[in-house]
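Those protein sequence lines, which keep their order, are chains H and U. All residue numbers for the first sequence refer to our numbering, where the first residue is 78 and numbers rise by one. All residue numbers for the second sequence refer to our numbering, where the first residue is 5 and numbers rise by one.
Just so you know, these hints were derived from the structure itself, not from any lab. Note that CB positions come from ideal geometry on N, CA and C, so glycine has one too. Warning: the hint list may mix true and false statements.
[As the list claims (entries may be wrong)] Listed next, the stretches of chain H that the computed footprint assigns to chain U, with coverage defined by at least 3 CB atoms under 8 Å from CB atoms of chain U:
| hint | segment |
| --- | --- |
| 1 | 131 to 144 |
| 2 | 341 to 350 |
| 3 | 354 to 368 |
[As the list claims (entries may be wrong)] Residues from chain U shown here face chain H by an in silico Cβ test under 7 Å; the list is partial:
| hint | residue |
| --- | --- |
| 4 | G111 |
| 5 | I259 |
| 6 | A262 |
[Unchecked claim] Take a look, some chain U residues computed to stay more than 10 Å from chain H by CB distance:
| hint | residue |
| --- | --- |
| 7 | G79 |
| 8 | I110 |
| 9 | C153 |
| 10 | S266 |
| 11 | G289 |
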Amino acid sequence: MANINLASEGGVVNSAPQSDSHEFDASKTRTQGQLVLRRFLRHRLAMVSLGVFVFLILFAFVGPFIWTYDFEDVTSKSYQPMSGTHPLGTTQVGKDMLALLMRGTGYSLQIALIVAALATAVGVTFGALAGYLRGFVDTALMRLVDLLLIIPQIAVAAIVVKGFSGSWYVVALVLAAFAWMQIARITRGETLSLAQREFVEAARACGASTTRIIFKHLVPNMIGSITVNATLAIAAAVLTEAALSFLGLGVQPPDTSLGVIVLENYGQFMNRPWLFWGPFIVLVSLSLAVNFIGDGLRDAFDPRQTKVRA
Amino acid sequence: MIRYIIRRLLISIPILLIGSFACYVLVATAGNPLAEMRFRPGVTEADLKAAEAALGLDQPVVIRYWNWLTDFLSGDWGQSIALGQAKTAVFPAVTDALWTTGRLVIGAELLALTLGVSVGVLAAVRQYSIFDYLATSTAFLMFSMPIFCVAVIVKNYGIQFNNVLESMGLDRWLTTAGPRPGGFSGSFGEVIFKYTGTFLLPTVALMLISFAAYSRFERASMLEILHSDFVRTARAKGISQGRVIFRHAFRNALIPVATLFSLNFGAVLSGAIITETVFGWSGMGTLLVNSVRQFDPPMLMGWLAVTATLIVLFNLFADIVYGFLDPRIRLG
């Protein structure tokens with residue numbers, strides 16, 4: 078079973094990035110990874126968005142160490158206007174808005190990243206298994222997806238949050254439970270067509286196991302759409318988490334998230350607009366940045382599409 | 005075709021059963037609707053036991069579900085057990101909520117579809133024009149927007165607009181606290197005035213989000229078709245631009261959007277929860293959130309019966325429409 082992987086170099090464009098060391102001819106050959114990276118780095122909008130995303134990560138996870146107030150500190154005065162000591166003012170109970178925003182962004186990011194990671198792992202595994210094995214596994218998956226379409230996410234979130242706890246990781250689990258279907262469906266579709274190709278047949282003829290074929294031959298060939306959809310799942314998770322928290326069914330105080338901050342302060346829209354626009358701008362720039370990165374990745378992985386799609 | 009429909013409906017029955025059972029168990033075990041009663045003054049342990057027995061809460065969950073199911077199948081939707089009082093009948097509550105949501109959502113979705121499709125087609129036909137960039141970036145922005153923020157913003161500017169109207173000596177026009185009970189009365193002009201005032205803001209909030217999805221989708225599918233071979237052939241034959249776009253391209257580009265619309269519509273009828281919350285409409289979304297918060301399985305089951313049926317039907321409808329619009333796809 079030494080190097081059956083060679084099979085995957087067959088019919089598929091630009092696959093198998095393991096060939097670096099063998100290259101000796103003068104003209105530079107680029108692996109698919111290098112090509113994608115080059116195209117991505119040249120995508121101006123995606124690079125700007127990546128900058129914004131990195132800035133938000135620093136803001137959320139390094140910011141609290143620099144900023145003088147903690148999100149749990151309660152200062153004596155409620156509803157202070159914007160000032161030097163409180164650049165974004167204070168909330169009703171006198172918490173510093175900037176510190177709250179840092180913490181909220183942190184939680185939103187943590188939740189979104191975990192949701193995307195879980196949803197991608199589960200979705201890819203299920204989707205690839207269903208598409209490759211067909212038959213019973215496939216039917217079971219499709220019925221499960223049908224079932225999850227009917228069960229309301231809001232109800233599950235509310236029950237889990239009310240009955241158990243509103244910690245951020247519980248919210249992340251609920252979100253992931255409903256987010257993997259999309260990725261599973263896409264992976265299944267791609268697997269259905271890839272599984273008909275010669276290199277899969279060759280691998281099977283060599284005696285490769287199902288696990289090996291799926292994770293060594295099929296998944297690497299779908300890495301483009303998997304990456305793109307994982308990125309888009311992050312953006313979707315940010316928005317869904319915020320919406321759930323806004324309804325009071327997501328993250329529960331004393332924990333906070335961007336949705337919780339909006340919920341607590343949107344009543345001040347007229348009188349103290351900065352309390353609304355602050356979290357709003359962070360939320361929108363986060364989801365916009367991630368969506369643009371996803372778009373950039375899509376273009377980088379599949380340059381043919383740029384001519385047609387937005 | 006009829007066999008296909010019947011088969012699809014039969015397949016969905018076990019899914020509906022499992023789904024409803026899962027929801028029932030989840031809600032029934034998550035909390036006790038009598039919890040609050042315990043703290044009322046003058047309530048003894050015996051009273052609690054009696055109330056429990058009256059609502060059937062002393063029985064195991066599986067039996068309660070079975071009782072609900074048999075009642076439901078014989079046409080009895082049961083009564084809400086929120087706050088330990090079996091007073092509200094489920095069926096009228098659910099139909100009221102569906103009527104409230106339906107009135108709001110149907111208009112908003114149809115408007116969003118019409119606008120989204122027209123903008124998408126125009127953007128595709130004039131690709132890389134200023135209009136295209138404007139439409140694409142607006143759609144992208146709205147797509148990345150949190151819905152509740154859009155609703156809050158729309159609502160607050162509506163209130164400010166009202167204040168401006170008032171300062172000019174006019175009546176407040178836009179309503180931000182749900183539809184008035186009992187419908188609209190007065191002269192024809194007054195009815196129109198009140199009607200638009202009630203519906204305008206939530207409709208706009210709902211529309212903006214759906215519009216983004218429809219226009220993006222329509223633009224992408226229209227572009228794909230405009231670049232396809234049969235459109236080039238049509239052009240080469242000398243068919244006029246308008247005829248190529250409307251006769252050949254537009255009709256084919258509508259297929260994926262029709263599917264999306266059908267799926268979306270089924271989902272949105274089960275409650276535009278955020279818009280309803282922000283604008284104070286007591287529709288399906290509010291009903292769902294309340295029934296879960298009050299640990300009220302019969303009400304949740306009533307909600308689920310309607311929405312699950314709608315989702316199954318609209319999914320089926322989407323597949324049928326797909327086959328109807330695109331004869332290459334055979335259902336069987």
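Status of each hint after checking the structure:
1. 131 to 144: Answer violated; 0 residues pass the 8 Å Cβ test.
2. 341 to 350: Coverage by chain U holds here, the residue count being 3 at a Cβ distance below 8 Å.
3. 354 to 368: Three-residue rule met by the segment 354 to 368 of chain H, so holds; n is 6.
4. G111: violated, 23 Å
5. I259: This hint is violated: I259/U lies away from chain H, its Cβ roughly 16 Å from the closest one there, beyond 7 Å.
6. A262: violated, 19 Å
7. G79: holds, 22 Å
8. I110: Non-interface label on I110/U holds, nearest chain H Cβ at 21 Å vs cutoff 10 Å.
9. C153: Non-interface label fails for C153/U: nearest chain H Cβ at 5 Å, not farther than 10 Å.
10. S266: holds, 13 Å
11. G289: Answer for G289/U: violated, closest chain H Cβ roughly 8 Å.
Hint compliance for this structure: hints 1, 4, 5, 6, 9 and 11 are broken, all remaining hints hold.
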